[in-house]
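Enquirer: One line per chain: the protein sequences are A and B, in this order.
The numbering used here applies: residue 356 is where the first sequence begins, and numbers increase by one.
The numbering used here applies: residue 1047 is where the second sequence begins, and numbers increase by one.
Bear in mind the hints are in silico, worked out from the structure with no lab data behind them.
Accuracy of the hints is not assured; some may be wrong.
[Unchecked claim] Simulated coverage check for chain A against chain B, where a stretch passes if three residues somewhere in it have a Cβ under 8 Å from a Cβ of chain B:
#1 415-425
#2 508-520
#3 525-534
C-beta atoms are modelled at their ideal positions from N, C-alpha and C, and glycine is treated no differently.
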Amino acid sequence: MLILILLLLPLITAIAIAVIPGISGQLSKNIGGGISLVNFLIFIYGLIQFQKGDTVLLDYSHVWLSNANINFSLSADGISQVLLGLVTFITMVVIHIAGSFDYKQSSLLYILILLTESALIGVFTATDIFLFYFFFEISLIPVYFLALKWGGENAPKITFRMFVYTIFGSLLMLSAIIFLYTKGQTASIQELAITGKALPKNVNILLFLAFIVAFGIKMPMFPFHTWQPDAYTESPTPATILLAALLSKMGVYGLLRIALPLAPIGWNQLGIYIVILAIFGLIYGSIIAIKQNNLKKILAYSSFAHMGLMAAGILTGNLSGTQGAVIQMLAHGINVAGLFYIVKIIQDRTGSRNLEGLGGLSQKAPVLTVLFMIVLLGSVALPLTNGFVGEFLLLKSVFDYNNTLGVIAGLTIIFGAVYMLRMMQKAMFGQLLPANENILDVNKSELMVLVPICLLVILFGMFPNLILNSTVEAAKAFTQLMSNI
Amino acid sequence: MYPILFLSFSGLITLFLGFFQEGKWVKPATILFLAIASISAFIDWNKPGAYFFNMLQVNNFNLLLSLVILITAILIVAISDNFKEIEYAHSAEYYAIMQFSLVGAIMMTNFQSLIMLFLGVEILSVSMYVLTGTDKRNLRGNEAAIKYFLLGAFATGILLFGIAMIYGGVGAFEIDAISGTLASNQAQSLFLYIGLVMLLIGLLFKLAAAPFHFWTPDVYEGAPTIFTLFMATIVKTAVVFALYRILHQSFQNMHLSWSYILAGCIALSLIIGNLSAVKQISFKRMLAFSSISHAGFLLLGLLHVSKTADKSLLFYSVSYLLASTSAFGVLLALKNERTENGRSNENISVFKGLATRSPFLSAVLIISMLSLAGIPLTGGFWSKFYVLTDAANDQFFYLIVLALLLTAVGVYYYFKPIITVFEKSDIQEAITINPIFKIIFVLTTLGTLVLGLFPDLLYGMI
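Whenever a hint applies, use it, and build me the whole structure from the sequences.
Expert: So, in structure tokens, the structure goes:
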């Protein structure tokens, strides 16, 4: 029941803001922020209850389409909880961020963000395949409109490309889902896994490919990533954070929950090739990131590289890969939100997001530099930051899977450090440009976002067991499923 | 049965109402008549039976179809505007003809004998030819009417020929008799095959399915928008259920023969409809091609003889006509926007800057486009879902994949108006919307969303 409240609260708030006349932008910001905080607290409460052993709170099921045997069933196991936490936290952050920049004071902004939250909670908890698909597809719509309305000059073209790309993938997935559904006469993901296992090899391979394309576009994974760098760059920062921190996770989550369990033989046959593609994307994205000058582009490509490693970890199908991917989803979500926000701050202060227009900012903004450094080191995966555990587990899983690939994937540690530290050095250190003489350090409102993010970076870096322990059962269930094909 | 009788008389009354007070009572009277007709449908509720010498069948599902058609007609009449646009308009006549055409549409959905089907098709088609050409001074309207009439008359001829052939094959007009004969005889005569194909051609033409779709873009564009809407919703619904009764209730034993014809038409409709719509500049033309692709989807629901086909088709029709009413309605609400040569701007560019000029209209347009594109949260998604799961079997699964991939193309063109809505425009003045329009838009938009969230409300009810 609790989970239904989590899902409906933002939705109802969004509808209320839209329908009730006379709600100003500022008021809707306060309402949205308040509700997202309440939602986060509800989630924490549910988490505590769950740890005490009361799982009913995070389960909900109701008949949705009675004739078609489709249920509105939500359930959150360890893995889903991690993602729920990420969604509720990032939504809070995004609403705060959106309010502190003068996007045209519009209540629509907050409506769209809240709708996204609802949809994402649905995606990460749905146990019915059509419900999953339903949320999977609608989650993009509010973000699309956000990017379209407040994006840069080329936003219509670029966001549209993103939309068509992902819809194309989703529809491929839908045909696979409908096929499975007509074969199995059930829509429960758990039961469909049995159906999937019983299907012949060639069918299984086609299903697997359809799923890989759908989730590969969403993440994005090589070679379906071409929409991503431009979309991240052209979108307004709230939309970019939603895309990079949350929506991309739907792809990884889909691999974990849908693609592998529902087409296990296909995975068995083709998994290795997809892992190779993912690792190729990882290296490829890292190398491109080194050559970029636009801060947002660097982050976009680094994001793309990280997603590749997560995909590879899931596709190995072993425990460390699964757990690594889950913890990395959380870490990457938090870090990338912080990084994009810092870039936005820098851009607002200096009017530039290219490395040439920056430099020496640490002289004027020491606090910002420190915070930037912490989040950045999290992204580089320095020990004692949140990125380390995930990356370590992921690399270990790839290494266990195939030594050669493991070694190649290991290069990412070096590349990651190179492009991240290069960005840091060029932007924050060195010669201060005369145009940037008068920039200000972070203000209170910005600290309210950045400090919690930095604390989380360190917290999860020092106590990774918080996540590892709570996800181990769900991850084991997954590897169990994948091991006996 | 009662709606047919009632509308035949009320149409005549409407003609005379035009004489009084410059016809200002015609529109309210028409709405009243349609409402009474809808209510009169309930007289036969739970009383299935055959009428007119066993030529018309009445049961609850057929009554529901009549209701859907009548309620759609009420919505359409409500957003019509007494045809102030048209020079020398005879609005009483148009409203009367609309009521007559509804008689035809209801006959097409309730027929038991093929003769009744033919009568229904003729009544509906002839009315539509006339309504298409109502804007007499508009060259495109004339072109559309002539094209529609010539091609349509030809198709009706083929349809009649097909009915004759079927009579030659089985010696009966009644669909029950036909299905009985088909069930008992293993070997079918050649007449039946030829007859069925001709019947199909006639009806597929009316449905605007490829390869019989060539009239659609010109007619949709040339006809006054209100009648385009009429064609896209009521005519389509009537024809698709006529097809349903023929294919699923009388020729279900010849499934193997007609399913391949249908599969070919579906593939062609989907490909031609979706790919041609991409490049259109005119909103009406785009919707015309989109209606071709929707015809493909409707046929997909007929492809497989299943118990749930009727429900799926009804769901599809309802969600399609809700979305279409919103889409065409927004165009009607914007009819004061002119192009340089003084005509109503019917291009997609008319929506430019709508987001700032009227957030309400933009929301209506966006939701209708999402529904037509089949995005979740709208009725369009579930309608596609029901139709596709009905059609899903191993034999034709490639059609489903094709349909879904072309839906992605659909997203491409349905999003063009949406993007245009957010473009900046030089014109800033707010748009005033007639309160009746507002009510209709709220109804259709809410309906679309409710179907998208709780499809069981409608699907479970049928």
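Enquirer: The structure should be examined with respect to each hint, and the outcome stated for every one.
Expert: Now for the hints, and whether the structure bears them out:
| no. | hint | verdict |
| --- | --- | --- |
| 1 | 415-425 | holds (count 6) |
| 2 | 508-520 | holds (count 4) |
| 3 | 525-534 | holds (count 6) |
Every hint, counting from the list given before, is met by this structure.
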